[in-house]
Amino acid sequence: MSTIGGMRRVEGREKVTGRATYAFEYAVEGAAYGHPVQAPIARGRITTIDAEAALAVPGVLAVVSSADPPPLGSVEDPELAVFQSPQVAYHGQVVAVVVAETAEIAREAAETALRIEYQAEPHDVVLRPDHPRLYAPERVNPAFPGRTEKGDVEAGLADAAYTVDQTYTTPALHNNPMEPHAAIAAWEPDGSLTVYDSTQGATAHRDTIAAVLGLRQDQVRVISRHVGGGFGSKGTPRPHVIVAAVAARAAGRPVKVALTRQQMYDMTGYRTPTIQRVRLGADEDGRLTAIDHDAVEQSSTLKEFAEQTTTPTRVMYAAPALRTTHHLVRLDVPTPSWMRAPGECPGMFALESAMDELAEAAGIDPVELRVLNEPAAEPESGRPFSSRNLVACLREGARRFGWDRRDPRPGVRREGRWLVGTGVACSTYPAYRRPSSATAVAEDGGYVVRVAAADIGTGARTVLTQIAAEALNTSPDRVRVEIGDSDLPRASLAGGSMGTASWGTAVVRACEALLKNGGQEGRADTSEEVAAGSAFARHAFGAQFAEVRVDADTGEVRVPRLLGVFAAGRIVNPVLARSQFIGGMTMGLGMALMEESFVDPRFGDFLNHDLAQYHVAACADVQDVEAVWIDEEDPYLNPMGSKGIGEIGIVGTAAAIANAVYHATGRRVRDLPITPARLLS
Amino acid sequence: MREFEYARARDGREAVALCEPGARYLGGGTNLVDLMRLGVETPARLVDVSRLPYDRIEAAPSGGGARIGAAVRNSDLAAHPVIRRRYPMLARAVLSGGSGQVRNMATVGGNLLQRTRCPYFQDVSKPCNKRHPGDGCPAIEGDHRNLAIIGHSDACVATHPSDMAVALAALDARVHVIGPGGERVVPMPGLHRLPGAEPGRDTVLEPGELITAIELPAPPPGRSVYRKVRERASFAFALVSVAALLGVDSAGVVRHCKIALGGVAHVPWRAARAEGALLGRTAGPDAYAAAADAELALARPLPRNAYKVTLARNLIVATLTELAP
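Line by line, the protein sequences are chains R and G.
First residue of the first sequence: 1, per my numbering; consecutive thereafter.
First residue of the second sequence: 1, per my numbering; consecutive thereafter.
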């Protein structure tokens, strides 16, 4: 099946001319500004809150805190139970908000005039593999079993001709979208609430905000037309939204709250650090006899968030014995959350590094080792794949990359001061779909399609326009798609790489209904269609190749070439898809070489909490990054035949780079990021 | 952000008069304004000196030196043909700092006076002797991976972040200053100071003193270069950097040698011991390694930054080898 086409972003002109309105920018009449106040201790309780001096600062309108807890409704997410308790669960937890005529006055009063005293208690913020409070979570995000086991792993390892038993670590990582989290909350005279927010899903945010504030869903409207990136951190409502709402109620005015970059490090989620032990066994020929993958990770004392780190290992390779486990410890830290490819991203760094080590041990080419262990069905479940073209990706990538000319010996290629090496790693990501609804209406000689989807920079608005045009058999310029508003037909999140699949299905069905109903109006709700599920295991796959150069004297690592070959169903828009793939790969490059959120255990917060200190890849780091795809026809997915593409790009990059660093230097770095400090010590 | 006054001086004298206690000079603002946003700097008044007539680069005739106004933008300095020809290490050092946008704003005087990027210094919720004498230095037992290995004290292990200053320290620059007490010249190295028991003082400048110009002597004969090591390829401070000039005669003997290191100390660190070990010796990797070792015998790395000793040694040897194999 062909692509629909490389249509440019429908809101591109608005964005590049600065006319696209983001959450904080709405001109809401009479708006005041809220500055969240954060706990300076990692564990303990508030003993005193004295707002008198702050309220006396000219321009200060209100202070809200647990001294007078604002009434809330039903709060499932304890991170959103703002100002309900004097207990402090982590450094940086929001404990009050100061509302003032200007953002500057609010911040100044918060920092200099608001007096809050604390009784600190000893805290524990350090993840370690021998932590006495480690436990095995029943479920991991979003609802996978925490543990799976088939076959006899120990026997498989004991019988193996070659084994790998290594521990790999990834640090805490932060999403760092370009647009900070921001919200405007405006109460209407009838008691309803309008929220301008930067979200990955207006419907889900509306539902949660309504529940937390004790309102009916029809009393809350969330508007989020443009979003400057989220990467998962805007997938669930963050405390600042509730803070804005209660602040607006207290001040009797609309309130704008924009988190500072530093506050984002505490209040918007992050990727848990992981400590992963991988054991692999293989026979003389390189066929796996056993896989054992365990991940140690953290959550907060407030709630359990267990990243699904070892779940990709349930999908990747054939082995008679396969065990995947997770262990969690609840620390005095903010709750970790979703960051681009939660689970797959850190988990595949470990698994694909270990596969490279196995290839080395067995003397087998890393591409061939993977081909050799290609499963006939999903290894853990035994379900057939709806489509799986990993081998095609590996073969095509090897061809394009010039893999056949590769000398497998590590540490033997030198060009001037540079040690040169290449590496490969695989990627995988599930093809999810969630219920959504949409309407399509004939208006003004064209069509208007409405769905509460979110365009977080991916191009969703554009892709839905194309999908609708195809379903209506018309040209895209006759279709207008409205998204980013909870008053539109309810829709699932922009998350889990399932936006196009979920919203696209609803749009197609609504358009089909319109055509069937005489061409005026159609509506659709895909709940039943999606709930019917599938007998197939549905995943996207990819193969990633990296060339690195490592300065022999300084340990600086540069990446002249990254190639990703993906099999992700039908690619709806090649221009936008390429951006998603290479964006993910670029983020993976940062993860491999520089990204790390550092905690000083004495204080308990993230120390390097801004973009000057938390380094993401700069343009100079990104050289030749190429993404291509295999044409994949899969009738078992959705009307578009598409799999998600937002996350798979990041999944294999770090392992490919780490494997290339080994090939260049002979040094196996099992702890990310791979810095000069690590390579020189 | 706190309220503050903004004043613009017409000349140096007026600037000095306006710079009462609690005031700060404002150049490009690329560091100072950030620090104000972070609450690290809380000036009562900013005295804008970016438009003072210190914006020229004057080059002496061929074979001579150069004088760089303190308000010259970093990008203009790096692009100046005489600077590029006579002092290539300086042009390279400047270009390796910040980003294009930052260099377009940042001034030469401000670059010299930028503050450390130690994470504890930049976070007012943390103790820091540099901000509050007597607070203690959490970096010593905390995250000091990118902090000093030479010349630090029990009070402070911060590094000076400037690249440009490293080149200027190697080039024997002279810093012209006016202040309440009149005009004076401060040599480099010598402008910046080691932390000792007073880490709050980055330089020997007295309150109210204003840098007006940098004077560079004629460059010694030889080849020079600046090399900066960082994990990100741009827009990152140095883990370690080196500014080096090497003049070797026809017999292969080192006749001129200037070496300074960045990222290792509270000051741009002039490697005088390395220079002493090389002058009069036959150039070559063995001599370079011995020179690096002579300098790095001074190193007292902390538990998490010992890699910097290896890195500095490797970098010195590689850079000198590049200049004279």
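No wet-lab data here; the hints were simulated from the structure.
Here a beta-carbon is modelled for each residue, glycine too, at the ideal position from N, C-alpha and C.
A couple of the hints might just be wrong.
[Stated by the list, open to error] So, partial list: chain G residues that the calculated Cβ filter (under 8 Å) puts toward chain R: (1) Met-36; (2) Gly-39; (3) Thr-42; (4) Pro-43; (5) Gln-101; (6) Asn-104; (7) Arg-115; (8) Ser-125; (9) Asp-143; (10) Arg-145; (11) Arg-232; (12) Phe-235; (13) Ala-306; (14) Tyr-307; (15) Leu-311.
[To be verified] Output of the computed footprint for chain G on chain R, the stretches with three or more beta carbons under 8 Å from beta carbons of chain G: (16) 543-555; (17) 563-573; (18) 588-600; (19) 614-626; (20) 664-676.
To see whether the hints hold, each was checked on the structure:
Contact between Met-36(G) and chain R, as hinted, is not supported at the beta carbon level, the nearest pair being about 12 Å apart and thus beyond 8 Å. A least Cβ separation of about 7 Å between Gly-39(G) and chain R falls short of the 8 Å threshold, and the interface hint therefore holds. Interface hint at Thr-42(G): violated, since its Cβ lies 10 Å from the closest Cβ of chain R, which is beyond the 8 Å cut-off. Annotation: Pro-43(G) was flagged as interfacial toward chain R, and the flag is violated, the nearest CB pair being 15 Å apart, outside 8 Å.
With a least beta-carbon distance of about 13 Å to chain R, the hint placing Gln-101(G) at the interface is violated under the 8 Å criterion. Residue-level restraint check for Asn-104(G) is violated (minimum Cβ-Cβ distance to chain R is 17 Å; threshold 8 Å). Because the closest C-beta pair between Arg-115(G) and chain R is about 12 Å apart, greater than 8 Å, the hint is violated. A hinted interface residue such as Ser-125(G) counts as satisfied when its beta carbon comes closer than 8 Å to some beta carbon of chain R; here the least separation is about 6 Å, so the hint holds.
Against a cut-off of 8 Å between C-beta atoms, the interface hint on Asp-143(G) holds, since the closest Cβ of chain R lies about 6 Å away. A cut of 8 Å between beta carbons decides the hint on Arg-145(G): the least distance to chain R is about 6 Å, and the hint holds. Hint status for Arg-232(G): holds, given a least beta-carbon distance of 5 Å to chain R, under 8 Å. The restraint placing Phe-235(G) at the interface with chain R holds, with a minimum CB-CB distance near 5 Å, inside the 8 Å limit.
Below 8 Å, beta-carbon pairs count as interface contacts, and Ala-306(G) has one with chain R at about 7 Å; its hint therefore holds. Taking 8 Å as the C-beta cut-off, the interface hint given for Tyr-307(G) holds, the closest approach to chain R being about 4 Å. Hint status for Leu-311(G) relative to chain R: holds, with the closest Cβ pair at about 6 Å, below 8 Å. For a cut-off of 8 Å, the count of residues in the region 543-555 of chain R with a CB near a CB of chain G stands at 4, and the three-residue condition holds.
With a threshold of 8 Å between beta carbons, the proposed coverage of the region 563-573 of chain R by chain G is violated, since 0 of its residues qualify and at least three are required. Counting residues of the region 588-600 of chain R whose C-beta sits closer than 8 Å to any C-beta of chain G gives 4, which meets the bar of three, so the coverage hint holds. Check result for the region 614-626 of chain R against chain G: holds, 6 residues qualifying (beta carbon to beta carbon below 8 Å, three or more required). Check result for the region 664-676 of chain R against chain G: holds, 3 residues qualifying (beta carbon to beta carbon below 8 Å, three or more required).
In summary, the numbered hints that this structure violates are 1, 3, 4, 5, 6, 7 and 17.
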